[in-house]
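Student: Modelling step: build the complete structure from the supplied sequences, incorporating the hints.
Here the protein sequences line up with chains A and B, keeping their order. Position one of the first sequence corresponds to residue 1 (this note's numbering), numbered consecutively onward. Position one of the second sequence corresponds to residue 1 (this note's numbering), numbered consecutively onward.
There could be a bad hint or two in this list.
Which copy? The list can't say, so a pair holds if one copy fits it or any two copies do.
Calculated pairs, DMTMM-like style, for lysine to aspartate or glutamate (alpha carbon to alpha carbon, straight line, at most 25 Å) [said to hold, decoys possible]:
1. K9 with E89
2. K58 with D45
3. K9 with D62
4. K58 with E43
5. K11 with D56
6. K76 with D45
7. K76 with D62
8. K9 with E69
9. K11 with D46
10. K76 with E17
It should be emphasised that the hints constitute simulated quantities derived from the structure, not laboratory data.
2 protein chains.
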Amino acid sequence: MYGYLGSMKAKSGHRDEVVAILVSGADGLRAAGCHLYVVGVSESDDQTIHVSEVWDSKAHHDASLQLPETRAAIAKAMPMLTGEFNSHELAIVGGLGVPSTSSPSEN
Amino acid sequence: MYGYLGSMKAKSGHRDEVVAILVSGADGLRAAGCHLYVVGVSESDDQTIHVSEVWDSKAHHDASLQLPETRAAIAKAMPMLTGEFNSHELAIVGGLGVPSTSSPSEN
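Tutor: So, in structure tokens, the structure goes:
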């Protein structure tokens, strides 16, 4: 399975609006091959939003970015973001709450 | 809910051993208030291990570090780590695959 750890920065005062957009669309991602889409914020940073995602594959994740609802969400959120993004792409090895496991050398 | 995004670096050649230790103990964390404990590695970095965790609260997470099995796992893994750690503590707002939601101002 494919993991994506992302963070983005919202313009001052807009973090919670962006968070609401991200969370509202999360349930719909299940049908696109998404297992986890966890949105979190820090108490000590009122701009950064962290998203931890687990997908069937990188192809599923990439394809989801073309879904009409995803594109609409991105279009809505983008003006509220500073443009600073960070991400890590991962091979998910296992753990608690993930549906299956693979060896680190797979994926 | 409380989120913990952590990364650690294994000494060269020891990443998969450390990953195996982390994954093997994950199921046991459920009873300690853990909802997600996702272990991932990067294809472009053979030393760094990423862990994304969701817990009922920070207190549950902190208490888990004192469990005998957690202490044993830490003791086993520590000699294989470089000592470089990174972490972010988060308030989990919601998403897909997390059992409940709270507003960013709660936690």
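Student: Of the hints given before, which are not true for this structure?
Tutor: 5
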